[in-house]
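Chains A and B are the protein sequences, given in the same order. Under my numbering, residues 20 to 375 are what the first sequence spells out, in order. Under my numbering, residues 20 to 375 are what the second sequence spells out, in order.
Hints are supplied without guarantee of correctness; some may be wrong.
Note: identical chains are not told apart, hence a pair may lie in one copy or across any two.
[Claimed, not checked] Listed below are the simulated DSS-like cross-link pairs for lysine-lysine, each with C-alpha atoms no more than 25 Å apart in a straight line:
1) 362 with 313
2) 86 with 285
3) 370 with 334
4) 358 with 370
5) 313 with 358
6) 285 with 148
7) 370 with 315
8) 182 with 225
9) 250 with 370
10) 338 with 191
11) 247 with 313
12) 79 with 270
13) 362 with 311
14) 191 with 334
15) 79 with 285
16) 225 with 315
17) 148 with 313
18) 54 with 271
19) 271 with 79
20) 153 with 362
Calculated from the structure, these hints are not laboratory results. Given the structure is predicted, the values throughout are model-derived calculations rather than measurements.
Protein chains: 2
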Amino acid sequence: MKRRDFFKNISSVALLGAIPSISKSQKLKPEYNWKMVTTWPKNFPGLGTGAQYLADTIQKLSGGRIKVSVYGAGELVPAFEIFDAVSQGVAELGHGSAYYWKGKNDTFQFFSTVPFGMTANEMNSWLYKGGGLKLWEEAYDSFNLLPMAAGNTGIQMGGWFNKEINSLSDLKGLKMRIPGLGGEVLRRAGGTPVNLPGGELFTALKTGTIDATEWVSPYNDLAFGLHKAAKYYYYPGWHEPGTTLECFINKKVFSQLPSDLQHIVKGAAKIANIDMLCDFISKNNDALEILKNKHKVDIRPYPEEVLNELYEISKDVVKELSVKSNFAKEVYDSYSSFKDKTKNWNDISIKPYLNL
Amino acid sequence: MKRRDFFKNISSVALLGAIPSISKSQKLKPEYNWKMVTTWPKNFPGLGTGAQYLADTIQKLSGGRIKVSVYGAGELVPAFEIFDAVSQGVAELGHGSAYYWKGKNDTFQFFSTVPFGMTANEMNSWLYKGGGLKLWEEAYDSFNLLPMAAGNTGIQMGGWFNKEINSLSDLKGLKMRIPGLGGEVLRRAGGTPVNLPGGELFTALKTGTIDATEWVSPYNDLAFGLHKAAKYYYYPGWHEPGTTLECFINKKVFSQLPSDLQHIVKGAAKIANIDMLCDFISKNNDALEILKNKHKVDIRPYPEEVLNELYEISKDVVKELSVKSNFAKEVYDSYSSFKDKTKNWNDISIKPYLNL
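Just need the whole structure built from these sequences, with the hints factored in.
Now the structure itself:
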């Protein structure tokens, strides 16, 4: 709160007593001092900077009433332990992506991304307007967490390989870092999916601990130097067509906030959501140019036949998820019916336009 | 400000005197009572409701310190006079789109949409990350206005016609409502562009004052009942591939706000921006179904040849704008170079993905 507002508000009720003067240098302390734990290296381009942007936005919108300190993966807790940490109140906020917690509940993966599923704009529309966010809130409720969409990478790249992918059989025996449902699709195609935090990818690929990896897209992949550890860069990212990044807050912390600060936290997440997508769109172009022209990366489309086969496997994988529980079925139905409807509109709008 | 916050803040400095109790029913008045004038009918789906959503968001984020009353077109000032009204301080905020003010400066049109130009995501990326918003602020500065992107319709439809469009010559002599640069393209193709506020379209088309009209997309067009006034509905909206809606605020009003409320106003606009695009994406699908299945609307693609010819004309029209002033050149260069870069990334991401 600013000093002048303080006095403005004071004067709006009748004060009987006198108020001591506050010197200009005397700053009011934040009312809330929060920690945000993340699955990213501190300030990693796009994702880590996105978490920091969210923290800064909460602070600015609240006029400094909330201060958020951001911790990179491993600084306070390891990357894949942030969900439990915020659930248990070790930190107030977490920043990651829902598919990292599929061990808690397979259904969470719908709130990150689905192979051959919705794009960034469609995900946001489903979450905000199609009931998706409500289902996500229900999913995290028993973990004492309130989730918010807090970023989107847009469509990702297919991944980095040291061998050509000419047919589905080239995926057999491949040990690849690929999280979420995309990983399960790889398993069915005969590969071995592993999940690793982003910060470990370069070394794992370079030392042969993994044979291949996907990460995000040119902007992020260039930042990790993945082009120095692999020969081929395939597209499109069939397994992650518009991945939602999340911010979750401890529910007890959230419920104790006054209403305006609750709106500010949720609003800041929406601002961070649009900001990250714009960041990726603008930076991917520059990074792509560097990868192509400076590093002479061999950028290739997956063969159509491979994509078709992966699509068929994906349909099965996603459908099978839906029979695991009533809640999974509800999420699957909501996601699928929204996606089906967007197709008709895409067919006469963005698709013919981009093909001009 | 909430009563409990008031006391929380009071207690953060030492008070010597006593504070009288405030009864629960005694609400503190807003510190700012603002008027928002708009170019849309009050609460018109998507656009009018988007303006109202922005007003509500400002109010919620500010904890009621700012109250915004929204006025539909003509309620306080006519639709196309809101720019001057806010510039002169008759109202604090305006909600419209920049191409409506091309009479002030042709260059403004870049901040709405450009024929065969950027999509919604690309526009937002250019504005927020590519220097576009800074140029827009510069453009409105001498009018005492600060602009913000406050919504996007996504790609629009081509328009409603009572005759088939089989070749460019079918546009000759056509009196069509089509604003901005798209209108200038129609003029070069032999037509007569007119601009009318949305609320006047149905009657104008029905009575033959105009021969054809574009408006937005299924969600909005259905709301005006345009299918009852025309036979053919063409796509895609080559002239408006991702139209930015604006909110502008009187600069004097803005500059007198404390810093947190400045962040809240700008932040609320970003929230409204993503919200409107999601609203259009989710509602266009439902409306498209109704237009197709219930009203049996004849929905057609523009012939490829027509689109190619319109593209060539558009290139000239946009290029010619750029030589009008140094500032126009600067905006054109910024817009064009950003757009060119996005193409390379689109080609290996969203485009091949949507074509799967």
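How would you label the pair residue 271, residue 79 (within, between, both, or neither) given a Cα cut-off of 25 Å?
Classified as both; 23 Å inside a copy, 21 Å across copies.
How would you classify residue 370 and residue 315 at a CA-CA limit of 25 Å: within, between, both, or neither?
Only across copies: residue 370 and residue 315 sit 23 Å apart there, 30 Å inside one copy, limit 25 Å.
Check residue 86 against residue 285 for me: Cα-Cα at most 25 Å, and say if that holds within a copy, between copies, both or neither.
both (15 Å within a copy, 20 Å between copies)
Evaluate residue 79 and residue 270 at a C-alpha cut-off of 25 Å and name the case that applies: within, between, both or neither.
Both: 22 Å inside a copy, 20 Å across copies.
Using 25 Å as the alpha carbon limit, work out where residue 54 and residue 271 are close: within a copy, between copies, both or neither.
Classified as within: same-chain Cα gap 15 Å, cross-chain 37 Å, threshold 25 Å.
For residue 358 and residue 370, with the copy left unspecified, which applies at a CA distance of at most 25 Å: within, between, both, or neither?
both (15 Å within a copy, 17 Å between copies)
Between residue 79 and residue 285, at a C-alpha cutoff of 25 Å, which is it: within one copy, between copies, both, or neither?
both (14 Å within a copy, 11 Å between copies)
Please work out whether the CA atoms of residue 362 and residue 313 approach to 25 Å or closer within one copy, between two copies, in both situations, or in neither?
Classified as between: cross-chain Cα gap 19 Å, same-chain 38 Å, threshold 25 Å.
Please sort residue 247 with residue 313 into within, between, both or neither, judging by C-alpha distance up to 25 Å.
within (12 Å within a copy, 57 Å between copies)
Which holds for residue 338 with residue 191 at a C-alpha limit of 25 Å: within a copy, between copies, both or neither?
Within one copy, since 23 Å is at most 25 Å while 53 Å is not.
Is it within a copy, between copies, both, or neither that the alpha carbon of residue 362 lies no farther than 25 Å from that of residue 311?
between (32 Å within a copy, 14 Å between copies)
Checking an output row: residue 153 and residue 362, CA cutoff 25 Å. Within, between, both or neither?
Only inside one copy: residue 153 and residue 362 sit 23 Å apart there, 35 Å across copies, limit 25 Å.
Violated hints are absent here; each numbered hint is respected by the structure.
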